[in-house]
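A.B. asks: The residues making up each chain are set out below.
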Amino acid sequence: MKLRQRMKGVSMQILNLFQASAKAEHGDQRGGSAVSEKVELPEYGTVEVGYRLVCEGEGCPRPQLRTLKALDENERGVVIEVITDNPSVVETVPSMMDMFDGQHLATVKSEDNWRIYVRREI
Amino acid sequence: MLAHQGSYKAMAIAAAVSVLSIVLLMMDMRWVYLLVYVWFGVIYGLLLQYGRFCMASAIRDLFAIKVPRMAVGVMIATALFSLTAGLVTVSGYSTFHPHPLGWHIIAGGLIFGFGMIFTGGCASGSLYKSGEGNVASMLVLLSISFSQALFVDLGSWSNSLAPSSWVASAAEKGMPESLSVNDGWFDTFTAGYIWDLSGGTIAQSLDSGNSWLDVFVGNALLGAILPTVVLLILLYITTYRKGYIRRNKIESPTFNDHMHGCWAMMTTSKNTALAGLGLGVFAGLQMWATGALREHYNIFNFGELLQKMGYTQGLSIQETVFDPGYWYITTQEAQLGGWVLDKAGIDVMDNIFFGLMNGIPNPLINAPLLMSVGIIAGAAILALTRHEFKWKVPNMETAIFALVGGALMGIGARLGMGCNVGAFFAAVTNGDMTGWIFLAGMLGGGLLGVKVFTMWIDWRTSADDDFDI
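Those sequence lines, one after another, are chains D and C. Anchor point for the first sequence: position 115 equals 115 in the numbering used here, and the numbering is continuous, going up by one each time. Counting from 1 along the second sequence, just add 1000 to a position and that's the residue number in the numbering used here.
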């Protein structure tokens, strides 16, 4: 176990070196965070967003897998906002909800990204 | 303001391709042969972007997130292309050549399938995503091009890897000295192994004397449509059924409910289904157009036409170039890699792949390569119009995955003699069953790739907590 932890540590260090520039660019925006914001969704009404996942610049299947993880980590009914700039993510996340007991509320397109709103059904 | 800019840029790309086409035709009408490739490329690009049609996600989404959307799209395209390809075959314009059957197909599929999970796109998917401004996909294209070129031109160190039976068989083929058939593993593999295998289409083995029957019942119905229907039913049972029954609150589902469920699965993503239909039709039309032009100019290969037009550089020793006459992705990318290596002073024409078969024509007159450029252009046109174009610069991890995965895809494509398009899509629809074997390989590689990738993501996210710097 110790050796494994150590190997993990060393390789993380190397990767973090690589990623230093990417992190500086995106700041702490990358990753998920709990939020509490009221958002007006077209054809749905106002909902309270409980978790935000910033996936800009990420390719498939990373945003999809992270959305699933976020669904698992949050309580049922919590609205999760997935922010992406990848068109195929916009296509797959809603159909993914059918398979995982989830609900796709809306997808909102803005200037250079999409915001997808999903939650686990209560 | 920004909204308009995208449309202007899209129009500018369309205008540039049109003007270049007209200029070429004014120089010499015979360039029409090359322009058929270019414009079908543009159409494929439009359709791929419209349906976000990526065969890598067909397999990946199925295993990683149980979403059958893309797999369904591929199946629709396959069933329809088998019919349009059938029409072309019956009319005598088919440009298709069946692939030899052997273990290399499944090995190639495995490696290709494993690699494409890490790149985020298959060979054609990476092209259309490049058109959306995805830099990681451009890295994948770069990596596929050079890994193929280097793989087919492996040096003498790889000779000992070839079994002696291949070496003996290759030596008997009586190839010209200049090709040095037993220098480089890939050459020995080609001459000593691939050439001893045979392949064929279902229609060829039926050979009942009635070509309509052979082609439509053999190639299309038995070879493509029936397997497609079986796979669609399997997709429904394994992925879509549970959610459909639950969502519609069906207590005891009847056969009818399941039929409705299958239909719902196929029409969930209209974009994808429509793109599949379009690809099926245009892939057939391209074969027909190229076949008709070959008859018109009385040629078998674009190399002959290039020669008549005074371009002799980069042709193979048979005076041919790569000219499949149908939708194909990877070989022309290998040629691009080979051409660059050649310019860098590395002799790549001493191997069978470039020297005897495909040549390394100048990229500006490489028709299939321009089809790939057309795909990027078509995808960019639609992405710009729909305001979906955005330069997406990958982080280092994604970039490394793109390069390593792309290299694996390149090696897999050369072993399996094509990619998800050439070795699977174009094959199964023309009655060549090696395509299903390639798919089986891709599925195996894809399953393994998803397992490794998911482990990696889990590990990364847990590692972030432990080692936050």
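It is worth saying that the hints were derived from the structure and are not from the lab. Computed from a predicted structure; not experimentally measured. Among the hints, erroneous ones may be present.
DSSO-like mimics (lysine-lysine), calculated; alpha carbons at most 30 Å apart, straight line [what the hints assert, rightly or not]:
1) C:Lys1066 / C:Lys1343
2) D:Lys69 / C:Lys1009
3) D:Lys109 / C:Lys1173
4) C:Lys1392 / C:Lys1270
5) C:Lys1270 / D:Lys109
6) C:Lys1009 / C:Lys1390
7) D:Lys69 / C:Lys1451
8) D:Lys109 / D:Lys38
9) C:Lys1390 / D:Lys69
10) C:Lys1392 / D:Lys109
11) C:Lys1343 / D:Lys69
12) C:Lys1308 / D:Lys109
13) D:Lys69 / C:Lys1392
14) D:Lys109 / C:Lys1009
15) C:Lys1390 / D:Lys109
16) C:Lys1066 / D:Lys69
17) C:Lys1390 / C:Lys1270
18) C:Lys1009 / C:Lys1392
19) C:Lys1390 / D:Lys38
A.B. asks: Each hint needs a verdict: does it hold in this structure or not?
C.D. replies: Status of each hint after checking the structure:
With a C-alpha separation of about 46 Å, the suggested pairing of lysine 1066 (chain C) with lysine 1343 (chain C) is violated against the 30 Å cut-off. Of the supplied pair hints, the one linking lysine 69 (chain D) and lysine 1009 (chain C) is violated, its CA atoms being roughly 38 Å apart against a limit of 30 Å. Proximity of lysine 109 (chain D) to lysine 1173 (chain C) is assessed by CA-CA distance (about 61 Å); at most 30 Å being required, the pair is judged violated. For the given pair, lysine 1392 (chain C) sits about 26 Å from lysine 1270 (chain C) by alpha-carbon distance, which is consistent with the 30 Å threshold.
Taking the CA atoms of lysine 1270 (chain C) and lysine 109 (chain D), the gap is near 19 Å; set against the 30 Å cutoff, the hint holds. This hinted pair checks out: lysine 1009 (chain C) and lysine 1390 (chain C) have alpha carbons roughly 13 Å apart, not beyond 30 Å. A threshold of 30 Å between alpha carbons decides the hint, and for lysine 69 (chain D) with lysine 1451 (chain C) the separation of about 15 Å falls inside it, so the pair holds. Between lysine 109 (chain D) and lysine 38 (chain D), the direct Cα distance comes to roughly 17 Å. Compliance with the 30 Å bound is thereby established for this hinted pair.
Our distance criterion of 30 Å between C-alpha atoms is met by lysine 1390 (chain C) and lysine 69 (chain D), whose separation comes to about 27 Å. Taking the CA atoms of lysine 1392 (chain C) and lysine 109 (chain D), the gap is about 17 Å. The hint holds against a cut of 30 Å. With a C-alpha separation of about 48 Å, the suggested pairing of lysine 1343 (chain C) with lysine 69 (chain D) is violated against the 30 Å cut-off. Distance check on the hinted pair: lysine 1308 (chain C) and lysine 109 (chain D) sit about 52 Å apart at the alpha-carbon level, beyond 30 Å; violated.
Of the pairs offered as hints, the one joining lysine 69 (chain D) and lysine 1392 (chain C) holds, with about 24 Å between alpha carbons and a cut-off of 30 Å not exceeded. For the hint linking lysine 109 (chain D) to lysine 1009 (chain C), the alpha-carbon distance of about 20 Å falls within 30 Å, and the restraint holds. For the hint pairing lysine 1390 (chain C) with lysine 109 (chain D), the CA-to-CA distance comes to about 13 Å; that is within 30 Å, so the pair holds. With a C-alpha separation of about 14 Å, the suggested pair lysine 1066 (chain C) and lysine 69 (chain D) falls inside the 30 Å cut-off, and the hint holds.
Annotation: proposed proximity of lysine 1390 (chain C) to lysine 1270 (chain C) holds, straight-line Cα distance about 24 Å (limit 30 Å). A distance of roughly 18 Å separates the Cα atoms of lysine 1009 (chain C) and lysine 1392 (chain C); the hinted pair therefore holds under the 30 Å criterion. Pair hint lysine 1390 (chain C) plus lysine 38 (chain D) holds up; C-alpha atoms about 28 Å apart against a cutoff of 30 Å.
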